[in-house]
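With these hints in hand, go ahead and build the complete structure from the sequences.
-18 is the number of the first residue of the sequence shown in the numbering used here; add one for each residue after it.
Hints are computed from structural coordinates only; laboratory data are not their basis.
So the derived label-pair ranges between C-beta atoms look like this:
no.: 1; residue 1: T175; residue 2: E43; range: 46 to 54 Å
no.: 2; residue 1: R21; residue 2: P105; range: 37 to 45 Å
no.: 3; residue 1: G128; residue 2: L163; range: 22 to 30 Å
no.: 4; residue 1: S24; residue 2: E75; range: 19 to 27 Å
All of these numbers come straight from a predicted model, not from anything done at the bench. The beta carbon of each residue, even a glycine, is placed where N, CA and C say it ideally should be.
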Amino acid sequence: MPKEIAVYMGDNGETTSLYQNGKVLVYQRNQGCWRVSRERDFSLGDNFNIKALREIMDELIEFLGHCKTFVGLSITGIPYFVLEKSGCSIWEFEGNPLDFLDYILAKEEEEQRENSQQNSTILPTPVETFSGCYRISIKEIQEKNLGVSSKQVLLPFIRQGKFYSLEILCNHVPPWLENEILLNQLESRTEVITRNEVKLVMTKKCCD
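Right under this line is the structure:
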């Protein structure tokens, strides 16, 4: 399948903030050339209610389809997290798409090669200590250059949501985890064990 990259653009033909009115253009690369395969008008509107934002973003995700790369001048807040959760890689660039599409494609292909190499590395995985309760240590990942990140190890498990609680031993709480806790509506508590060891416990909120 030809590579696709979605770009959010203003009336001037250059990237713009996702909070401005504009168009989403999906570029497809064929025989070395980038061409627009589909496009649609897009606006988050003036109502920044979280539920309304999510509904608008869900429509955008449906429009993107198999396209998993999204570029804009500025992508923040709920739109950023919805795009990330859908599996999109997110880029912020200023200017005309034809000036940076090849660069983004090269960087993503390089990352794919690195990920394929990392797959040969044995990664730590959460261990079930009790029914629905899991434990994992990411201290080694944080302290040594193993070629993998805490996000690569933890995010797939968290996104699957097949746990009641997850205890994470680390030397510091990764900043991205705080956003993930909010996004997945989890409860959390931290406990400092030693100067270089912290325990973070994430649990699902009880339903009414």
